[in-house]
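J.: These protein sequences, in sequence, are chains A and B. So for the first sequence, the working numbering puts the first residue at 1; every next one is plus one. So for the second sequence, the working numbering puts the first residue at 1; every next one is plus one.
Hints are not guaranteed to be accurate.
Since the list can't tell identical chains apart, any single copy or any two copies may satisfy a pair.
[To be verified] In silico lysine-lysine, DSSO-like type, Cα no more than 30 Å apart, as pairs:
#, residue 1, residue 2
1, K180, K335
2, K225, K335
3, K319, K511
4, K180, K331
5, K47, K153
6, K47, K5
7, K331, K458
8, K183, K225
9, K47, K546
10, K479, K567
11, K546, K567
12, K5, K331
13, K567, K511
14, K485, K511
15, K331, K511
16, K319, K225
17, K319, K567
18, K331, K225
Hints listed in this document are in silico derivations from the structure and should not be mistaken for laboratory results. As the structure is a prediction and not an experimental result, all values here were calculated from the model.
There are 2 protein chains.
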Amino acid sequence: MPAYKAPVEDVLFLLNDVFHIERHNNVAGFGEATPDVVEAILVEAGKFCSEILVPLNRQGDLQGCTRHADGRVTTPDGFKAAYDQMVEGGWIGISCPTEFGGQGLPATMTTVINEFLASSNLAFSMYSGLVQGAVAAIITHGSDAQKKKFVPKMVEGVWAGTMNLTEPHCGTDLGLLRTKAVKQADGSYKISGTKIFISGGEQDLTENIIHLVLARIEGAPAGTKGISLFIVPKVMVNDDGTLGDRNGVVCGSIEHKMGIHGNATCVMNYDNATGYLIGEENRGLAAMFTMMNEARLAVGVQGLAMSEVTYQNAVTYTKERLQGRALTGPKFPDKPADPIIVHPDVRRTLLSIRAVNEAGRALVLWTSLFGDIAHRSQDEKEKQHADDMMGLLTPVVKGVLTDLGFESAVNAQQMFGGHGYISETGMEQYVRDARIPMIYEGANGIQALDLVGRKLPKDGGRAAMAFFAEVQGFVNAHKADDAMKPYVEPLNVSLGHLQQATMWFMQNAMKDPDNAGAGATDYMHLFGLVALGYMWGRIVVAVNEKLAAGDASGAGGGNVLDAQALKNKLIVARFFAEKMLPETAAQLARISAGAGSVMEMGMEGF
Amino acid sequence: MPAYKAPVEDVLFLLNDVFHIERHNNVAGFGEATPDVVEAILVEAGKFCSEILVPLNRQGDLQGCTRHADGRVTTPDGFKAAYDQMVEGGWIGISCPTEFGGQGLPATMTTVINEFLASSNLAFSMYSGLVQGAVAAIITHGSDAQKKKFVPKMVEGVWAGTMNLTEPHCGTDLGLLRTKAVKQADGSYKISGTKIFISGGEQDLTENIIHLVLARIEGAPAGTKGISLFIVPKVMVNDDGTLGDRNGVVCGSIEHKMGIHGNATCVMNYDNATGYLIGEENRGLAAMFTMMNEARLAVGVQGLAMSEVTYQNAVTYTKERLQGRALTGPKFPDKPADPIIVHPDVRRTLLSIRAVNEAGRALVLWTSLFGDIAHRSQDEKEKQHADDMMGLLTPVVKGVLTDLGFESAVNAQQMFGGHGYISETGMEQYVRDARIPMIYEGANGIQALDLVGRKLPKDGGRAAMAFFAEVQGFVNAHKADDAMKPYVEPLNVSLGHLQQATMWFMQNAMKDPDNAGAGATDYMHLFGLVALGYMWGRIVVAVNEKLAAGDASGAGGGNVLDAQALKNKLIVARFFAEKMLPETAAQLARISAGAGSVMEMGMEGF
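Use the sequences and the hints to build the structure in full.
T.: Now the structure itself:
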């Protein structure tokens, strides 16, 4: 039976000692996020996750969701009670504006809690995760009346939200979408069409579901320029806020999937359903795009979450499983065999997961803090820089951490040998669940194209240049320090590879864009390794500062890393530098080989 | 609904034009394997696979196997009829000696057919696959009476076979095994104990099952030196060959697994079951080891098989799925969108699978031919060389091709976007099924240790030196040829990396064996890339010879590659050299970094 302990100490270390979030006290919500408040919230969240959500995870997988003949959907046993508890605890609106009943804390707090939730029960966590995106969409683009009518109940958690983009013939290429909207005399619209892959499209957890739906208004232009965004409530909401009749939207079926069985993935049939336009006509895709960074960041966090929980369980098993002896002679001669964690190949596997988890968490928090600053800062220059960085880092977080998260889950499962293939162990569920973040919210190949084709050249490369300058500045500041050399020198080499790859694109993608397309995925992962290497560098600096100050005991409520835990981070950082950063040389070589051999063969030759 | 077409043309090209199997006509069985016989058999096998086994694959996954209260196990609907058809066709004994009713053809023929079977229906293919291992064990180590009593019915296919090694507390470390054997007055033994993870331990396909069981004879030494191998029939066999009473072995339960649901993975309870010693007392592990190369090769073939079938289905989908436009402008302006195969990232993904499939198949056949020569040649020198090479290549084939096979399945699934996560598409089943070959028959970390710790140093490094010399010889023979440079130069670089890594182990593993352990997995994959690169080199030479001879029409029954198909191989070969071989630099860097950061952290720090 898998277990999970939320990495509260590591998060506090990152927030307080690496990123010094107290520096942002001038930004709305950060003043309230004092170290003791943050600690108390995270401890409580971790407890809820370990005690309530973890035990529901396997049951959710086994039982899945059930659609009844009338279109109702029942979630697995225990999900409703757990969701009620989450609503009661006010967890869903923790970062939402206070004017709508939220607690107004930084979105970064939600990012952290989303990691804990996803590690505990990915399928469950998606129900509340999608509410946050829908709330953000309505707050950013909706009218005051729409906000007042829909947002408070969503922030409270008694109403859920969904995103309806995909149609059977139309996924990445939203320009093909056919769902239509017909304007009514009262200014509302009648929405008709079929949407697929709608996570939480129907469920029994909340009183109402606020669907956000992309549709084409009658007479609108073809392609992406004719798409509008609508609010379509499952149950109509009266002007006094009470619930009215059922709207014309129903769950037609739920998908049989590889994993996340506890989340209902619905085919949603809209049949003259009443919808309310959000923002301007034909500007729906733009409205969707402004939410996309947050949604993609949240999916990247799911990759991290799966990596963390599978690491924890693999560590437990490799310490317990006795099999064979250490290569250097028995370590536990009194036992029939040594625990398999004595083997270098097992440790290598565990460390490669751990090295992703710690730096990945740092990257997620760093990106999320940029998001908070971009949305909440009063300083225009700071705001723009933060927006640049968040935009640049988001596809990296989404694409790289979900690829690595899946890889971690597979590698952690491998540590269990044959037992990892057996369902009761729980590891194979993690692998099946960890597969979806690589696909949804823009498959990872799309993330790579977003990075290379949009984020890199945007504003004359301003964001990328700022990133390179920051990492290069870090390298320069520390390269003369012998204690930093094992981390900084390999980072400098990899940064050089990244810059060369960027240059290669600049020189070769103009004349043939396929040169960018063929190298995009490698570039995204190269960027990811440099970003993770930089995060490790920042962690090492913080560790050394704390050790030098004899400040291992930290402040606050006891969730602190002791000196040994801090020193262990130096080992993992070195492992990352020695064993994972060398990959960037191969990535650069592949990128520089260009599109020739990729594009040459005729389609019929495949 | 997934489909599959056996790659008969490619196999014939490899056997006839790359490996020139007619050269081995002096080896038993090869004289009968004339090109037309081979072609006829493979065409027939491919037909059986596509028409009978492919349609049963999803049903097998959905339905799985059922254990009844009395211990009987029912396989999925259709399996029994298909198995009967396989028995009737004489497929199981195709490479078995004619004296036991087989057809005496090279084992390489079985290797090829095993690929087709596994691509079509991995779970099904395991039932017959395990018979081959059991037959080999009895033929090699059994007495004449045992052979006469058990082998003919197994070769015919009406009796199956299993391998019983694993116990709950004992997997890799067989020295811990507890199943006991008590000698009886009549020379037989009473076997008692519990074995787990027994593939096909019980089923309804065959009249009898011949279990091969590792057990410890009462009073035998502890550890691996006290293990013996026994034949334990499910139903006792009378001296006249008729079936007698049920023996004391029963299926206690079947496992719930991530995949291969159509294969019954059984807990087998032995309770004073009658068993017959094979070979000498306490020499069971040695007997097991002689079969291990064949069994591991067969599992490596499963990895290749999953890579091939997922490639074929991804190609079909990416040609049909219309979404977005090519980066260089619309390729099908009359359609609403281009098929996604126009995108470089999609092609890169498909080619990285294809590059593994073609060279992987060559590596499998090359290794299998060494196996045939090692077992059947009359020439002692040739025999020894072949045995060396088969021993060296087997962990590479098993470890590398199953890792890559799973990676291919995941990448192929990714091409389907969200649809790949839906069960009906069939891709997620392939991913779940493709996961097991990485684990069973020695988890891949064990393969890496076998390569680095046993096969590399064996006989003073004779096998490795022969391999290096052969690849170096190939490079030297072709490096001056401009047409060969794109393939040979990168291969030469990677071969250099492999030799440097080997040297590094020689210099550093002696003083600290953890240095070998920490680099073993990287070394195995580095070795694999060089071996695959060498195979591509051999393929390119054969392609150029055929093109130069204008011999694209080939000989035989029409299953030939045309000139375009041959030229396409040059493109895939170049893709491999440009995009996949560069990885060896990173592998060498990781290996040379040694065990320091891997071993430093205390166990409690994980």
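J.: Taking the hints in turn, state whether each one holds.
T.: Results for each hint:
1. K180 with K335: For K180 and K335, only the inter-copy Cα distance (21 Å) is at most 30 Å; the intra-copy one is 69 Å.
2. K225 with K335: Answer is between; shortest inter-copy Cα gap is 19 Å, intra-copy 69 Å.
3. K319 with K511: Between copies, since 26 Å is at most 30 Å while 55 Å is not.
4. K180 with K331: Between copies only: 28 Å across, 68 Å inside.
5. K47 with K153: within (25 Å within a copy, 60 Å between copies)
6. K47 with K5: within (8 Å within a copy, 53 Å between copies)
7. K331 with K458: between (56 Å within a copy, 27 Å between copies)
8. K183 with K225: Within one copy only: 18 Å inside a chain, 83 Å across chains, cut-off 30 Å.
9. K47 with K546: Only inside one copy: K47 and K546 sit 28 Å apart there, 68 Å across copies, limit 30 Å.
10. K479 with K567: Within. Shortest intra-copy distance 20 Å satisfies the 30 Å Cα cut-off; inter-copy 50 Å does not.
11. K546 with K567: Result: close within a single copy only, 10 Å intra versus 62 Å inter.
12. K5 with K331: For K5 and K331, only the intra-copy Cα distance (28 Å) is at most 30 Å; the inter-copy one is 52 Å.
13. K567 with K511: between (49 Å within a copy, 26 Å between copies)
14. K485 with K511: between (39 Å within a copy, 26 Å between copies)
15. K331 with K511: For K331 and K511, only the inter-copy Cα distance (18 Å) is at most 30 Å; the intra-copy one is 60 Å.
16. K319 with K225: Only across copies: K319 and K225 sit 27 Å apart there, 57 Å inside one copy, limit 30 Å.
17. K319 with K567: within (21 Å within a copy, 53 Å between copies)
18. K331 with K225: between (67 Å within a copy, 22 Å between copies)
Checked against the numbered hints above, the structure violates none of them.
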